[in-house]
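Colleague: Chain by chain, the residues run as shown.
Number of protein chains: 4
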Amino acid sequence: WFHSSVVLRFGSPPPPHSKFFPAVEGVMLPPGTFNNRVAFITGGGTGLGRAMTTTLSQLGAQCVIASRKLNVLQQTAEEISSQTGNKVHVVQCDVRNPQAVSHCIDEMESLTGLPDVIINNAAGNFVCPSERLSPNGWKAITDIVLNGTAFVTLELGKRLIQNQKGASFLAITTIYAESGSGFVVPSASAKAGVEALYKSLAAEWGRYGHRFNIIQPGPIRTKGAFSRLDPTGTFEETMIRRIPTGRLGKPAEIANLAAYMCSDYATWMSGAVIRFDGGEYVSMAGEFNDLHRVTPDQWKMMEAMIRSTKGS
Amino acid sequence: WFHSSVVLRFGSPPPPHSKFFPAVEGVMLPPGTFNNRVAFITGGGTGLGRAMTTTLSQLGAQCVIASRKLNVLQQTAEEISSQTGNKVHVVQCDVRNPQAVSHCIDEMESLTGLPDVIINNAAGNFVCPSERLSPNGWKAITDIVLNGTAFVTLELGKRLIQNQKGASFLAITTIYAESGSGFVVPSASAKAGVEALYKSLAAEWGRYGHRFNIIQPGPIRTKGAFSRLDPTGTFEETMIRRIPTGRLGKPAEIANLAAYMCSDYATWMSGAVIRFDGGEYVSMAGEFNDLHRVTPDQWKMMEAMIRSTKGS
Amino acid sequence: WFHSSVVLRFGSPPPPHSKFFPAVEGVMLPPGTFNNRVAFITGGGTGLGRAMTTTLSQLGAQCVIASRKLNVLQQTAEEISSQTGNKVHVVQCDVRNPQAVSHCIDEMESLTGLPDVIINNAAGNFVCPSERLSPNGWKAITDIVLNGTAFVTLELGKRLIQNQKGASFLAITTIYAESGSGFVVPSASAKAGVEALYKSLAAEWGRYGHRFNIIQPGPIRTKGAFSRLDPTGTFEETMIRRIPTGRLGKPAEIANLAAYMCSDYATWMSGAVIRFDGGEYVSMAGEFNDLHRVTPDQWKMMEAMIRSTKGS
Amino acid sequence: WFHSSVVLRFGSPPPPHSKFFPAVEGVMLPPGTFNNRVAFITGGGTGLGRAMTTTLSQLGAQCVIASRKLNVLQQTAEEISSQTGNKVHVVQCDVRNPQAVSHCIDEMESLTGLPDVIINNAAGNFVCPSERLSPNGWKAITDIVLNGTAFVTLELGKRLIQNQKGASFLAITTIYAESGSGFVVPSASAKAGVEALYKSLAAEWGRYGHRFNIIQPGPIRTKGAFSRLDPTGTFEETMIRRIPTGRLGKPAEIANLAAYMCSDYATWMSGAVIRFDGGEYVSMAGEFNDLHRVTPDQWKMMEAMIRSTKGS
Ligand SMILES: NC(=O)c1ccc[n+]([C@@H]2O[C@H](COP(=O)([O-])OP(=O)(O)OC[C@H]3O[C@@H](n4cnc5c(N)ncnc54)[C@H](OP(=O)(O)O)[C@@H]3O)[C@@H](O)[C@H]2O)c1
Ligand SMILES: NC(=O)c1ccc[n+]([C@@H]2O[C@H](COP(=O)([O-])OP(=O)(O)OC[C@H]3O[C@@H](n4cnc5c(N)ncnc54)[C@H](OP(=O)(O)O)[C@@H]3O)[C@@H](O)[C@H]2O)c1
Ligand SMILES: NC(=O)c1ccc[n+]([C@@H]2O[C@H](COP(=O)([O-])OP(=O)(O)OC[C@H]3O[C@@H](n4cnc5c(N)ncnc54)[C@H](OP(=O)(O)O)[C@@H]3O)[C@@H](O)[C@H]2O)c1
Ligand SMILES: NC(=O)c1ccc[n+]([C@@H]2O[C@H](COP(=O)([O-])OP(=O)(O)OC[C@H]3O[C@@H](n4cnc5c(N)ncnc54)[C@H](OP(=O)(O)O)[C@@H]3O)[C@@H](O)[C@H]2O)c1
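Protein chains in written order, with my numbering: chain A, 902 to 1213; chain B, 902 to 1213; chain C, 902 to 1213; chain D, 902 to 1213.
The set of hints was computed from the structure by calculation and includes no laboratory data. These numbers were taken from a predicted model, which means no experiment stands behind them. Careful, some of the hints might be misleading.
Treat identical chains as interchangeable: a pair holds within one or across any two.
Under the rule of at most 20 Å between Cα atoms (straight-line distance), these lysine to any residue pairs were calculated in the SDA-like manner [to be verified]: (1) 1151 / 1137; (2) 1124 / 1011; (3) 970 / 980; (4) 1066 / 1132; (5) 1211 / 973; (6) 970 / 1003; (7) 1040 / 1030; (8) 1040 / 1207; (9) 1059 / 1030; (10) 1040 / 1001; (11) 1066 / 923; (12) 1211 / 1123; (13) 1040 / 995; (14) 1059 / 1196; (15) 1151 / 928; (16) 1040 / 1000; (17) 1059 / 1014; (18) 1151 / 918; (19) 1040 / 928; (20) 1040 / 998; (21) 1040 / 997; (22) 1040 / 999; (23) 920 / 1062; (24) 988 / 932; (25) 1066 / 1015.
Model the full assembly from the supplied sequences, consistent with the hints where possible.
Modeller: Quick look at the structure:
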């Protein structure tokens, strides 16, 4: 019956209502908002991390980006610096390794001093039926996402506390951290762990001048995420169809939100978890949302049937 | 691609894995668990309310059921009493009306005294696009569900407190109270209100000896619910398909859970919200759960594509 | 033991770490962000509503504020207009009354046309033990907060849909909407209802060009809220003590967040619930957060005891 | 003002309202409920794990308990077997080690075959300011709680799927998994991860006949937990004071709930998260719950002040 209209062709045009929700990709905050601030972004060489770095750099921050691939970091740093005129530093670091994290922060300290803004954005993920996951497959993801975030956060926290310096921490998780999701189970578990870590420290470390907040992005096309989550490209259609705003997000949109959350405009925000997903989560989770497929004529018929029902 | 298998025929057989999850409909708690207890159940004449009344009565409770249709209540009461040997009282009551609620409780006081167990189960609901909802349509649902529950709960609470009598309160809400859902918006809003009411009182009225808990049922076929939520019967297929346990719930299963929660085995449970839905909620909410449609061969192909991806 | 330090004197200075979290009260978004936009704010004459109106007006919006007290609205409108140079319109409206809401929107339509931004901010609240609440006391709050929000939202939604006009809706709820709270039970229930309403419509009405989001503020001193929630002023100390950022929020901080959420920078945000509370919620909710009272010497002792524990 | 009554003496008697909430420690389910079933319980030698094992054994299950200390396991197994007449097997296993987990399950397979019930209960925890946590301290907890649970669950899941055998999984987490909590941060993060793991698999593995549910216990005195979370014993007073039911929980109460959730009475429960905490969580989280300290006379004064307030 109302299932007949489900199948969308691959590459179908965006749903018409997406025109109500145009992406604004310019920088939102006032120029200079991050002057004299240092921002540290893990995974800042690619995807969303790169977009956040670009925005913070445009707003005056000295950025330090860290991940495993030094050449990727260097190229990104140069491109951003030449665009914004502000220095972007690079430090090679595998966040799974506590020593590497410690060395990375040593290096940052000598380059820029301790940061005012920390964005834990590095992650790994791939789709896989859970019965095919080995212990190593499990650890490949959770070691980066949960342990990596913890090592970076705890090490920086300790040093900031010792130096009596305040800071704003941001973690990038995902909409399925809360609900869980099949087929990305190590990521779901690790991201949920990151959220608890951040909510816990928001409560514990406020007295040291630290804030901790979270963005849960919905689907935003980046090579890193989409090549491992939707290698065939077919799943994207399903997602766009159920996103109420009718489109994927843009890296620059996340970057504006992230910059706000890390800025002094948000000094009263701590322990917050902001879902930013075009409405996808509520649209999936609500039991009767599939009824959007019912046509006006079918509604008339259904209303008549409901009205004629007597009793329980 | 993997959308092709979506459409299920109407009346298709239950999915094979439902055999792992057979419903046990016998009474779970030890006989006599509710001896010398009085239970008050709104909407106890039909559907889930009737099932909970039956179970409590079998376990020794004196039950009082209340709703608008006296004849329905009376027939149910007789049928249950004759089955269990324990008296089921009936009181006509429209919970939307505070005076009616007060009279109803007066009547109960003279019949049985104040109750030990209170189940707020009465509700109304129908599917409707929100742009077709009038203020009266909105109030038709919220007045029963939210105000009705509040009037019953506050009036009983006051009298119990005055009499220094403890009690266990249970409210029946729904899985979409948390997420919201389109097309059942007054119900979603009112049920969310009920949950906040109960969590609030769990904290506030413990010192008077009261506990407050909530069950969020998933889909359980009752005439009252299904005739107004799925009048054509087509939606049921969609639900069964996405319920991990492969079937709808049974009224007797809710009744066993409810009896447990209201019994002395659960005196340490308060402020709890128990989702009981065959797994439907997590299945809908998780972003990648649709991948259960991917076949083993497709997985192999996808894995190869993911492995061959380099960088981000 | 570590309880001894609990009692704070009335009027004690802000905790020292509040210096890390200075409030920035200037307008955040680029000038003109709301040029040619119409914003409708209920309860816009006072408190947070007034602050949000001021910010939107400064950013170029034509604002329409509505509540019961016409003289309050008029004075606010004049003050804001003269400050920002942009017209602020006033419409008297009691949101509890669907006819009044309909007339109010008629009036707005003739003044400005249908709005692009709708902020449901009007509310009532007072602290009260629930056993002292009458049905009228219950309705005094829920009729404004839940029904009022629904009437405004549904009526505007219908007209916007008919006119094929997109819009961004924002509701102001509270941090205890999720957890519930004793002593403000009608407010907790009604605000939870508002959240479900908004999450539901975020899913249902995206296809009509509408977004729906929520701010849950923590404590921000306004006459309306504080005179009815903390009439003696003693509770404020308790709150500041447990807020990790060491201070109350400022209306201008909410206004910047609200303006962002309603702006085109956030067109991909829908169904989001943003807690903005200085970290109070996570600080209250976390079971072991009280241990911040343990002194370093006591920690040493506790660590020694823990280390010496053998087995389980 | 109302802070004066905060300090409770150590060893003060339970609050009077705890008499309304007596713990029932007898077994709840019908005898033989678990006849011919095999249950696997990690950490089954002590505390809550021991209590759950006892109850399942009394109900007819063949139990297998596993943890690091073989002698503790053996003593427990003998004591339970001699009490219930049903065999309790022991297998030494450090859940942090995937090989050990695999060997442990090999051993179980030869002893009893694959289990019908799996309870992931093993955990570690201690209170500690997060700035004192080393990477090893972090891993000491998360390796047991998150990785250990994942290794056990994934390994058993794979084998059960291969054998087309259904099973019911239960994980024991904690009330602060959701909110986070300072001073127990690795535990909070790891337990949140476990919850996401279980919700994810509830959605993904239903089709293989598996259910996944969670209990979040509040404080229940066990040597393992209390010696590391409240070594001085002073914190217990604080907890009891804020628990609405006025007392700690009992291991036998958790055991009855766990047995229900793993039994066929709950075959329709999957993806559920049950808070079982005497109401502590809602009591902590609700912003105005501290007002329970306000005396009736103070309420009268406050009401008069509120009534006399005019406007906003
Ligand atoms: N795009 C989406 O739709 C989406 C949705 C929800 C959440 N997210 C989250 O958004 C964040 C960014 O993702 P993205 O889409 O931008 O993908 P991405 O480009 O693949 O970003 C991941 C980054 O993490 C770095 N990284 C991986 N392992 C690392 C390690 N061991 N040590 C240090 N750095 C490491 C990578 O750099 P190297 O390879 O150089 O190490 C890479 O720059 C992630 O947290 C992701 O979970 C994305
Ligand atoms: N079945 C499901 O799938 C499902 C799922 C989620 C939640 N629930 C919830 O489960 C509960 C029971 O539903 P059900 O499926 O058993 O449907 P039902 O048979 O229609 O039960 C509703 C009951 O409420 C009573 N009621 C309605 N308006 C009333 C009023 N103004 N005053 C007093 N009583 C009133 C009705 O009796 P009168 O007509 O005699 O007044 C009826 O007995 C409801 O709270 C429902 O929201 C059900
Ligand atoms: N301040 C806080 O700490 C705090 C914390 C959490 C949430 N909030 C929320 O923030 C919002 C603003 O609160 P506030 O602190 O700014 O307090 P406020 O100044 O008292 O604002 C409430 C506004 O609602 C209007 N209102 C009340 N009843 C109405 C009705 N029947 N019809 C139309 N308008 C009505 C009032 O105007 P009239 O009297 O002219 O009708 C008033 O302007 C509320 O939703 C509140 O729940 C505030
Ligand atoms: N008691 C409470 O108040 C409370 C509250 C919330 C949650 N919980 C949870 O309830 C569960 C039981 O706690 P409990 O209070 O009963 O404490 P417990 O007696 O200390 O139980 C923990 C068990 O885990 C086992 N274990 C620890 N590390 C292990 C490893 N690496 N491999 C295998 N087994 C290991 C221990 O046995 P071995 O030492 O022999 O390995 C022990 O039997 C835990 O998940 C805990 O987080 C308890």
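Colleague: Of the hints stated earlier, which fail here?
Modeller: When the structure is compared with the hints, numbers 2, 4 and 19 turn out to be violated.
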